[in-house]
Amino acid sequence: MPRPIHITTPVEPLETRIKRLRITKSRQKELLAIMDEAWARLAAERKTRPNASALPGEKPKRDSAAR
Amino acid sequence: MTPPPVNPNAVFLNIPYDEEFQKLYIAYIVGLSQLGFDPCITSGIPGGDRRLDRVLALIQSCRYSIHDLSRVELSAVPPATPRFNMPLELGITITWAKLHPKRHTWFLWESTPRRLQKSMSDLDGTDPYIHSGTVEGILSELRNAFVRDGAPSVLKMMAAYRLVEGNIERILTGAGARNLYAASVFRELCLVALDVVRRTKSVAVEFTTDASEK
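Residue numbers (our numbering), protein chains in the order written: chain D, 56 to 122; chain E, 572 to 785.
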């Protein structure tokens, strides 16, 4: 088995990391709008199917009454 | 030539830029972002005499590197030629890390066990991370390679991956591009992956399971 590395370096603030990507503000807005919609769809899906996973790929919450 | 300063959270990704690898490429970007790292690739570095200098400078500026040799194989288009860019960049990295062990740590990744012994027996004794050619394999092995407090679970990283992957077409359309590996698209994928981190605070706080809390 390869040896894992324990990372202790602090994570940089997101704003710094985003700034380094050098994406224009207008394009950032467009991309964030796409993700806004994706999250909104997810939230809507969750409303109509409350027992469905909160995010795609997550296991649905257990219904405690069913246990 | 003075080497550039090292970004302690930067990970150089030595990967194939082909269609079959796209999902794994997105998995690397999302997984590394989730773990608090900044992925770096060589796309966008122009060809010519200075390309190799720039590749070296990029490796030197990254604290870590991942060398995914799972698709080092003969090209399908005649004449059948082995793909040597990845092993070449691995060789450069190994030399750099040997000379400056505190500045750089490299990792080998493969899709199947024992393939590396066959393709590069000089690396005997170096255990690769095996991702089995799957997105889940990449995310799981990233968590195994980089142990960090507050790291999200593989399940949660998968959820983040699906969120990004599900919007690829829209991102490409907006960028007016078809190539996922183009430098501008790579940066946009990084931004979107960071946005998922921001909304879920996955490194600092455990990934929320309630999407309405964004």
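None of these hints come from the bench; they were simulated from the model.
Some hints here could point you the wrong way.
[What the hints assert, rightly or not] With a straight-line Cα cutoff of 27 Å, these simulated DSSO-like cross-link-like pairs (lysine-lysine) come out:
(1) Lys772/E <-> Lys80/D
(2) Lys772/E <-> Lys594/E
(3) Lys594/E <-> Lys74/D
(4) Lys772/E <-> Lys84/D
Here the structure is a predicted model, which means the values were calculated and not measured.
Hint check results:
The suggested pairing of Lys772/E with Lys80/D holds, with an alpha-carbon distance near 22 Å, which does not exceed 27 Å. Between Lys772/E and Lys594/E the alpha-carbon distance is near 23 Å, which keeps this suggested pair within the 27 Å criterion. A hinted pair counts as satisfied when its Cα atoms are at most 27 Å apart, and Lys594/E with Lys74/D qualifies at roughly 25 Å. At roughly 20 Å between alpha-carbon atoms, Lys772/E and Lys84/D fall within 27 Å of each other, so this suggested pair holds.
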